[in-house]
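Chemist: Sequence:
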Amino acid sequence: MAMPQNSTRENGFCFTQPLDFPCPSPRPSEAGRTLGAVGGRDGCSTALSNGIASPGAPSPSNSCAEPLCTPTPAEEETPFEEGIKYVSAEGEELACGWGGFTPGCLQLCNTSKGVLFFLCVASFLQGMTVNGFINTVITSIERRFDLRSYQSGLIASSYDIAACVCLTFVSYFGGNGHKPRWLGWGVLVMGLGSLLFALPHFTTGQYEARSAAEVGVCGGNQSLPCSQAASSLSGYRFVFMLGQFLHGMGATPLYTLGVTYLDENVKTNYSPVYIAVFYTAAILGPAAGYLVGGMFLNIYTEIGREIDIAPENTLWVGAWWIGFLGAGAASLLISIPILGYPQRLPGSQRYIVMRVSETHQLKDGSHKKAADPDFGKTVKDLPRSVLLLLKNPTFIFLCLAGATEATLIAGMSTFGPKFLESQFSLSASEAATFFGYLVVPAGGGGTFLGGFLVNKFKLRCSGIIKLCLLCTVSSLLAIFIFFIHCPNMPMAGVTQMYNGSALPGGHLNLTAACNAQCGCLQETYSPVCGTDGIMYYSPCHAGCKTVSENVRNGKKVYHECSCIDKALLSGPGNAEPGKCTSSCAKRPLLLCFMFVVILFTFLSSIPALTATLRCVSDRQRSFALGIQWIVVRTLGGIPGPIAFGSMIDKSCLLWQDQCGEQGSCYVYENSAMSRYTLVAGLVYKVLGTTFFIVACLLYKPPPPESAPGSSDASENGTSDLQEHKPSLPAEEDI
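All you need for the working numbering is the position in the sequence shown, starting with 1, plus 16.
FYI, nobody ran anything at the bench for these hints, they're computed from the structure.
Since the model is a prediction, treat every value here as computed from it, not as a measurement.
Each residue gets a CB set at the ideal place from its N, CA and C atoms; glycine is no exception.
Any given hint could be a false lead.
Unchecked claim - Label pairs and their computed distance ranges (CB to CB): (1) Pro327 / Ser517: 20 to 26 Å; (2) Gly169 / Asn566: 35 to 41 Å; (3) Gln538 / Glu576: 32 to 38 Å; (4) Pro720 / His194: 32 to 38 Å; (5) Ser517 / Gln538: 48 to 54 Å; (6) Lys396 / Phe254: 33 to 39 Å; (7) Val489 / Asp665: 25 to 31 Å; (8) Thr118 / Ser250: 49 to 55 Å.
As the list claims (entries may be wrong) - Result set (BS3-like, lysine-lysine): computed pairs, CA atoms no more than 27 Å apart in a straight line: (9) Lys129 / Lys571; (10) Lys716 / Lys407; (11) Lys283 / Lys474; (12) Lys666 / Lys595; (13) Lys283 / Lys472; (14) Lys666 / Lys434.
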């Protein structure tokens, strides 16, 4: 069988990577050769140069099935494995270290498992910082630096903006460069961003809580000044934006080059499991960020200073900056070992040898351009690379499907706690904790299970897309659970009149005869639950005149509340701070199906990512992931929360009044919130199902007799790697 001509060291066959065997000493005329020799049964006779077989070379099936060098009798005592030394085709060092410093103890980590561990730590820190700490402390930052909601929104968006700006550059040049160095420097930049984010705490003066006389009870309200001069501290928002920008820059290589580096250095069927573990760590990061960040917020921001207000007070500012210092220092440390990894791991070449191409076949054959070893090394190839991806319909529709799923994930992560808070009448902290307990097993478990299923059933690209389709349809059916909802807890002046009758035309009326003389302010929202089971806007709106502290639990109790109907009670009308507890019988059903929706949404994430890697050429994998992330962020991650937020805002019953300007929503109508959530979920799930169906129908796999490696098809011959595998020494696979 004729030998396929292939000069690409990444896409060659079993002899692509030069091996140094204990063959007999070469003759003086051959002393200058840097490559070993591969022979058939007659010994070491056929020379190779740069992975190209000489005319007399045997077929790849024969050379892979036979010993690469027949030992002489004197050499038979030497074990075969001891004579192998992995080196790069270009003579690069494959040892783990920094420059010439490559101690032997570090080589224990120079494996796929070692890389996976350090990348998991990096993704955990990224998730904990960006999706955990930021979301937890944003309210404290607004209060400490006098920021408005739209300004804190700009801070949050700076991360996605930076990622979109850097993705094309990083994925294109990093994909053809030294990936661990790009990854290491990215994690280092991310660490600098965290340290910069904490800097304003140390450059501003001490925080002074503007404590005033007790407000809230009837007759005790003080007028709140509306015309306040803009604080000079608001200028620190630019420091926070720069910190978030560095976070976005540093995380860009992590989810593009990190994924492809793992994929290149493990067996094809193990790749989904490695990637699933990597992404599971990224999902567990935000959960840790919420828990740890919440603990730090219970510590006063000026550590060691005595303060007479409690964390429940609206003037309290917690130690928001501690988490960023710790995450920044950890990121700087973890970048050091990542920078020490070689461009490819020892022994990884055989996995490239064994890989069978699943690249989508274009009608004009232009997909073969990416097999050129010089393709993608210069900027002039960038337009051609983009064009090749745009001509790949499977890749395009997988990107669109990923964008729809990202929209749902971004919407759920942003407004999921708010949905639980409204439906089950929980506090904000209770809802966030509840949602965390829901997302960690469903999101983390679904992510890992998706990779496990691809590996377990040895799915090819078309089978993977069908698995994604099955998951999307399952979550589409489960999302109909939002047809049901929990009823709103009764709230005087909002959901009903003070006398219990319905509000005329749904108009708010917070003033009644029982609180008309109290001079209550709508700016002071502090809900209380009366002993009659009805919520009130504030102690003042409940007509409460005195307040005391419960000795048993330390909570406040408001007394002599004139608006609470004493006729229904055995004692005087009292109220406690907080919302009334909901006893919704539908809670278990709602939580169960929400778990299913989240589980199947995340279950398709790793299979979809694996299908993206499989349907493009090997040399375009990093760049393809970069383009996909741009599409996912611009069409899903950034507009997702905006779309869900605008839908949910339509169900608002009570808006915050900030000196005549509309602020955030205090109370939602539960039935309308469920209805709008259902509509938004159905729209995006139907779109995602459609995109997966089209991707599955348009995918055109290579012919079964396609040559091994990443070359799409051999022009001069073929070889089935499942029958002829390279006879290399055994190595731990996973």
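Chemist: Would you mind marking each hint as holding or not holding in the structure?
Modeler: Cross-check of the supplied hints:
Proline 327 and serine 517 have their C-beta atoms about 38 Å apart, which leaves the hinted 20 to 26 Å range violated. At roughly 39 Å, the beta-carbon separation of glycine 169 and asparagine 566 lies within the given 35 to 41 Å, and the hint holds. Between glutamine 538 and glutamate 576 the beta carbon distance is about 22 Å. The supplied range of 32 to 38 Å is therefore violated. In this structure the hint that proline 720 and histidine 194 lie 32 to 38 Å apart at CB holds, the actual value being about 36 Å.
In this structure the hint that serine 517 and glutamine 538 lie 48 to 54 Å apart at CB is violated, the actual value being about 22 Å. For lysine 396 and phenylalanine 254, the hinted distance range of 33 to 39 Å is satisfied, since their beta carbons lie about 37 Å from each other. Range check, valine 489 to aspartate 665: about 30 Å between beta-carbon atoms, so the 25 to 31 Å window is met. For the hinted restraint 49 to 55 Å between threonine 118 and serine 250, the CB-CB distance of approximately 50 Å keeps it satisfied.
Of the pairs offered as hints, the one joining lysine 129 and lysine 571 is violated, with about 51 Å between alpha carbons and a cut-off of 27 Å exceeded. Restraint check: the Cα-Cα separation between lysine 716 and lysine 407 comes to about 13 Å, which is no more than 27 Å; the hinted pair holds. With a C-alpha separation of about 11 Å, the suggested pairing of lysine 283 with lysine 474 holds against the 27 Å cut-off. A distance of roughly 22 Å separates the Cα atoms of lysine 666 and lysine 595; the hinted pair therefore holds under the 27 Å criterion.
Proposed proximity of lysine 283 and lysine 472 is supported: the alpha carbons are some 13 Å apart, at most 27 Å. Distance restraint check for lysine 666 and lysine 434: the Cα-Cα separation of roughly 14 Å lies within the 27 Å cut-off, and the hinted pair is therefore satisfied.
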